[in-house]
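Visitor: Hey, can you work out the whole structure from these sequences and the hints?
4 protein chains.
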Amino acid sequence: MSSSTGRLFRVTTFGESHGGGIGVVVDGCPPRLELDAAMIQHDLDRRRPGQSRLTTQRDEADRVEILSGVFEGRTLGSPIALLVRNSDANPGAYEHLKDVYRPSHADYTTEAKYGIRNWQGGGRASARETIGRVAAGAIARQLLRAAAGIEVLGWVHQIGRVTAPVDSTSVTYDQVEAHPTRCPSPDHAQVMADAIEAARRDGDSLGGVVRTIARGVPPGLGAPVFDKLEADLAKAALSLPAAKGFEIGSGFAAAAMTGREHNDPFTPGPDSRPRTASNHSGGVQGGISNGDDIVIQVAFKPTATIASAQRTVDRRNNPVTLSARGRHDPCVLPRAVPMVEAQMLLVLADHWLRQQAVDVLGCEAQS
Amino acid sequence: MSSSTGRLFRVTTFGESHGGGIGVVVDGCPPRLELDAAMIQHDLDRRRPGQSRLTTQRDEADRVEILSGVFEGRTLGSPIALLVRNSDANPGAYEHLKDVYRPSHADYTTEAKYGIRNWQGGGRASARETIGRVAAGAIARQLLRAAAGIEVLGWVHQIGRVTAPVDSTSVTYDQVEAHPTRCPSPDHAQVMADAIEAARRDGDSLGGVVRTIARGVPPGLGAPVFDKLEADLAKAALSLPAAKGFEIGSGFAAAAMTGREHNDPFTPGPDSRPRTASNHSGGVQGGISNGDDIVIQVAFKPTATIASAQRTVDRRNNPVTLSARGRHDPCVLPRAVPMVEAQMLLVLADHWLRQQAVDVLGCEAQS
Amino acid sequence: MSSSTGRLFRVTTFGESHGGGIGVVVDGCPPRLELDAAMIQHDLDRRRPGQSRLTTQRDEADRVEILSGVFEGRTLGSPIALLVRNSDANPGAYEHLKDVYRPSHADYTTEAKYGIRNWQGGGRASARETIGRVAAGAIARQLLRAAAGIEVLGWVHQIGRVTAPVDSTSVTYDQVEAHPTRCPSPDHAQVMADAIEAARRDGDSLGGVVRTIARGVPPGLGAPVFDKLEADLAKAALSLPAAKGFEIGSGFAAAAMTGREHNDPFTPGPDSRPRTASNHSGGVQGGISNGDDIVIQVAFKPTATIASAQRTVDRRNNPVTLSARGRHDPCVLPRAVPMVEAQMLLVLADHWLRQQAVDVLGCEAQS
Amino acid sequence: MSSSTGRLFRVTTFGESHGGGIGVVVDGCPPRLELDAAMIQHDLDRRRPGQSRLTTQRDEADRVEILSGVFEGRTLGSPIALLVRNSDANPGAYEHLKDVYRPSHADYTTEAKYGIRNWQGGGRASARETIGRVAAGAIARQLLRAAAGIEVLGWVHQIGRVTAPVDSTSVTYDQVEAHPTRCPSPDHAQVMADAIEAARRDGDSLGGVVRTIARGVPPGLGAPVFDKLEADLAKAALSLPAAKGFEIGSGFAAAAMTGREHNDPFTPGPDSRPRTASNHSGGVQGGISNGDDIVIQVAFKPTATIASAQRTVDRRNNPVTLSARGRHDPCVLPRAVPMVEAQMLLVLADHWLRQQAVDVLGCEAQS
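Residue numbers (the numbering used here), protein chains in the order written: chain H, 1 to 367; chain R, 1 to 367; chain V, 1 to 367; chain F, 1 to 367.
Fair warning: there could be bad hints in the mix.
Put simply, identical chains are the same to the list, so a pair is met inside one copy or across any two.
[Said to hold, decoys possible] SDA-like, lysine to any residue: derived pairs with alpha carbons at most 25 Å apart:
#1 Lys-98 - Ala-195
#2 Lys-98 - Gly-121
#3 Lys-98 - Thr-321
#4 Lys-98 - Gly-20
#5 Lys-98 - Arg-145
#6 Lys-98 - Ser-323
#7 Lys-98 - Pro-319
#8 Lys-98 - Arg-311
#9 Lys-98 - Thr-172
#10 Lys-98 - Leu-361
#11 Lys-98 - Ala-178
#12 Lys-98 - Asp-314
#13 Lys-98 - Ala-147
#14 Lys-98 - Val-166
#15 Lys-98 - Gly-149
#16 Lys-98 - Asp-271
#17 Lys-98 - Pro-265
#18 Lys-98 - Pro-268
#19 Lys-98 - Gly-73
#20 Lys-98 - Tyr-173
#21 Lys-98 - Gln-310
#22 Lys-98 - Arg-53
#23 Lys-98 - Glu-177
Simulated from the structure, these hints should not be mistaken for laboratory data.
This structure is a prediction, so every number in the text was calculated from the model and none was measured.
Guide: See below:
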């Protein structure tokens, strides 16, 4: 079960970084949705390594094949299985890591859990696993767009000590994609890119924050208790490699605010439903969407793989010094944007479908 | 399903703030665990209103009854159902809220989702719903203590603009409980208490941060993908009323650190397993516990109910001015401590049980 | 999890035959459904002991209390918790069974599984546990009636060696309820009643078969693979105490038929959808309802509790002779009718809700 | 979710009869289990078409590829993905079925549910989907054998009007596999084979019954309420294409027995646990295994595809006459044996894993 998520829009990923390939099965996508491989490939291309000099040099085309669930350009309602073959794997490059636990990687914990580990790469902990999620997210995007008019957009808000002020309500996809950092503020983007280059030269790495927004979410998605919308978003975000923190709306800043400052006053909306004058709630109140933009932030730690020498231990508990070789991102943030989007899309698709089974008895009581 | 959580240690809560009562069913607790009502009542008493002048004046004893699943002081392996009757409900006090949406409450979103609302209180969105979680958490605490030697302890880290420096590795339960704020630093606790009183007098409210730690967690709990331990902890935390943010280990501070600063070097441990020289990971690497203390932080917004007049709308989308009456907490943080502990306990109990079904084939491969 | 069932119409039962009470939590019932305790009590009264001289003399009123989820006569969309207190428990009557395994009961297997057993009755294996299912089934009945026009009706088809020929398409609720056996053929009902009385006098017991039908089920409910409608019905049926077999449509008779005999020819229906000329399929084809009546049969073994002396062993593996005392049904079939109905109602409610999340994108492709 | 089953040994199948291929993801298989493709291929070869002249002439090698989850001959604990490419698909052969609903197939119900259908074959309703189940079952077989000493064996008990008396306690795999019918009684096997040949020549088809047994199951597997072992077995059985009935132990014959006849007396066993003198219970009492052989029977209807002309309707509700072309089995029973085995193996593997998370607190209470 640990490789599945979602109640009705059910996603199961499989595959290690080195092996036959990476894939995903999406069960529960409604039938008759227009879908083709190109729609999925588009998001995968935003995630793939080697897309710019800011990312890892591992160069894999990551071409997706639709194995099932689509017929004549439309979904069948049956499981949609997608497969991306591993092509640029280089197991020999990992031979020196066979008996060593890399600091702040999952090497040690994987062995503690399973008593076995595919040392030819990161296994399930590899960022390659997110291929399946981004591919599934692309299907969710198509569903939410077609069925509900919901759009999800993410961007880089912070890298290292550089934070970009961006107006969440107006930022566009083209602005985000205009720069390889995926920071839509051109000036800050360049400073971020320079910082990434400097870290790479220095054998070091950087962290950052991705902000993601969902527009067009109708009121009523979510649930009041365990499956609050922000709870599922938090889980989705923290399930990404290297994620360390999550905020919705005001986030940690809320801790220092007073109720008078924080409460979002309701005002009459044009379509006879209320609007809020501010959005500290981040689009969710009591676990349920209120129709505002949903705004989340996800913090990522700096990449654990660095070129500098580090202290660690081997599998026999002996101290050793490790110097990483091989290809890696000095900063995951640019590639994390489509990953966070995907995770948000999966949560929204699931909750949107769940709501279809809630609102089934007519609305007379609402008057 | 929205009222259930956990895969093997399965918790289902029920009940509204006004009605027959609040309860919980815990399915999957192993048999033969010592359990009695007093163990559960202990945690409920830390959660209940009216425990100090810092909390709401609603005074309910919240006495728990074990309906099933326990026989002669031990669990049977069957569902443990617990019931707490509502006794101090005062529906009349809510009559003026029947047609009004309180700002930053769940009134509007509940109607948007369900088309109906029990206006005699907060319904499922009421903090009273957490009675079931705290009661279930007390059972999880008993299980983790007896079966695995795991202890969970939370405290108030921040209220408003006051942050208390506390040494996570040494803080004790008695230190936390010594002051009604549940801040274990006496000096800071008093400043926090004064701030809460000031907010109450001012018709305002305060937010804050709870830090919670799990000690004695063995390496290997968690999962590498969707059900990462930190992901389930994040969901559990954000499912609490008023929670806005979650961090594990370094949290958002990680975004501004470099890999060299952030990586936790491994050193040989005394029992032939590695230890980390720092704990930016927060006890979890790649979604799986590494044996270190697990450290999380949860941000809470200021209480939405304030005595000051506020702009809002009614159910017919007309603007109205609302002045809250009735009893409420000017700051939920002191009572949030047992809630966050409970949520962490539920996640750990579930993952501990899940691991029993993973490590079943002997460990020869680990040598 | 073993005490929960259903994906969207989620039912969790709790309680042992001796203890605080028996209950159920129904999570996922749509909001705004008319519901009151009397609707639930009606089905519970058909299940309760002591309703006629054919059933056990244990006389419990089994009054249901709605603890949550209903407000002003309508469901809120939140969990509906129901509680029935145990009133006629007589633990002393079981003292002699404390260390003995009754043949073909769950005494031994319960201890094998849990290492502990509430010997003051049947615990979770008691037929009393089905109170929660029948109560939940009554809510499902109300939902299916109001939302979809689906009706479920069961009756006794066979007791011992007596089988009643009944026209499934025309039999009515009043015919079933006209006789305490719940066999709608008056002549056969009387023979069955006489056989039950004879078995009781002889210290013996009888088995039988319940047939149940669902009318008005729209085409399209179910699923093509693991969650075939007949698969979920089979699980639901075999989860009842004493159930030994399940059939849909032609059932085991299909094994001796040829394809020409068994296939149900399609003919044009009046509303531009096909009808079948026969119904060997039992209303389900490929796991999905076809709009015909769904017809199932469930076989029940004779009651394991008999007054005659029996060989068995005690907890120390010593041979002993056991003579049952206490109150029991010589034949469960009359009371099994509302139980099978309830299980079928729960499956249909769940699949009906699931279908609401499938058919969401318009039907243009169907033309 | 409809394409997934199991709680801890979690199986998700994908793929249509015509498309990229058929596959399965097994999540939750414990790590360090010896596994290679040959072990899986062995069971697939027993399922594949074209294995004898009794089965369909569609000739596909059905070679399985392990995509993930296995490293150096052992499971990693991560999802095991298996893929079998479709090679002998012949979509043109189905062109004449594009607008016609074949009687007692899933053509109509699939369109009723999804509003779309891959008419180039049976889609998800095709028996080809069971490739994934048999492959997953082979992994479960390996787990149960290695971890618990459990063996599952099925055989053909009845075809058409021919029933073979077979001693369940002594029948062997070699006896079953000695004849292409998979009936271990050579004389009856030959009569069955002749009947199948006769049906084929006559443009007709036959049904039958598979009996399957599990040996070496320890006491304690299963659950007392919804997830009774026989309930999950019933669901597993009825989820197979063409299954119409399920029995455990005495099955429908129990209905005509008395309690004195049916009860299984306990006698002292050699290892200080009780044995039963008969096995009407079929190895399960109160939903939990008692250590006896588990014995189930599954009834299959005659193949719906027959060469004879049949009445039906097309998608515009017009009456048409259909004569099947193409390749099909005149009797699915020989190939159904590995399918039923697989389904039983999946249920037992899941419940065996579940029990590892129940029996965790030591057994002092059992003395």
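Visitor: Decide, hint by hint, whether the structure agrees.
Guide: Going down the list of hints, with the structure as the test:
no.: 1; hint: Lys-98 - Ala-195; result: neither (32 Å within a copy, 55 Å between copies)
no.: 2; hint: Lys-98 - Gly-121; result: within (9 Å within a copy, 48 Å between copies)
no.: 3; hint: Lys-98 - Thr-321; result: within (14 Å within a copy, 64 Å between copies)
no.: 4; hint: Lys-98 - Gly-20; result: within (20 Å within a copy, 36 Å between copies)
no.: 5; hint: Lys-98 - Arg-145; result: neither (45 Å within a copy, 31 Å between copies)
no.: 6; hint: Lys-98 - Ser-323; result: within (14 Å within a copy, 62 Å between copies)
no.: 7; hint: Lys-98 - Pro-319; result: within (15 Å within a copy, 59 Å between copies)
no.: 8; hint: Lys-98 - Arg-311; result: within (16 Å within a copy, 61 Å between copies)
no.: 9; hint: Lys-98 - Thr-172; result: neither (45 Å within a copy, 41 Å between copies)
no.: 10; hint: Lys-98 - Leu-361; result: between (59 Å within a copy, 22 Å between copies)
no.: 11; hint: Lys-98 - Ala-178; result: neither (40 Å within a copy, 47 Å between copies)
no.: 12; hint: Lys-98 - Asp-314; result: within (9 Å within a copy, 55 Å between copies)
no.: 13; hint: Lys-98 - Ala-147; result: neither (48 Å within a copy, 28 Å between copies)
no.: 14; hint: Lys-98 - Val-166; result: neither (44 Å within a copy, 39 Å between copies)
no.: 15; hint: Lys-98 - Gly-149; result: neither (48 Å within a copy, 32 Å between copies)
no.: 16; hint: Lys-98 - Asp-271; result: between (62 Å within a copy, 22 Å between copies)
no.: 17; hint: Lys-98 - Pro-265; result: between (58 Å within a copy, 18 Å between copies)
no.: 18; hint: Lys-98 - Pro-268; result: between (63 Å within a copy, 18 Å between copies)
no.: 19; hint: Lys-98 - Gly-73; result: between (45 Å within a copy, 17 Å between copies)
no.: 20; hint: Lys-98 - Tyr-173; result: neither (42 Å within a copy, 42 Å between copies)
no.: 21; hint: Lys-98 - Gln-310; result: within (16 Å within a copy, 63 Å between copies)
no.: 22; hint: Lys-98 - Arg-53; result: neither (29 Å within a copy, 51 Å between copies)
no.: 23; hint: Lys-98 - Glu-177; result: neither (38 Å within a copy, 44 Å between copies)
Hint compliance for this structure: hints 1, 5, 9, 11, 13, 14, 15, 20, 22, 23 are broken, all remaining hints hold.
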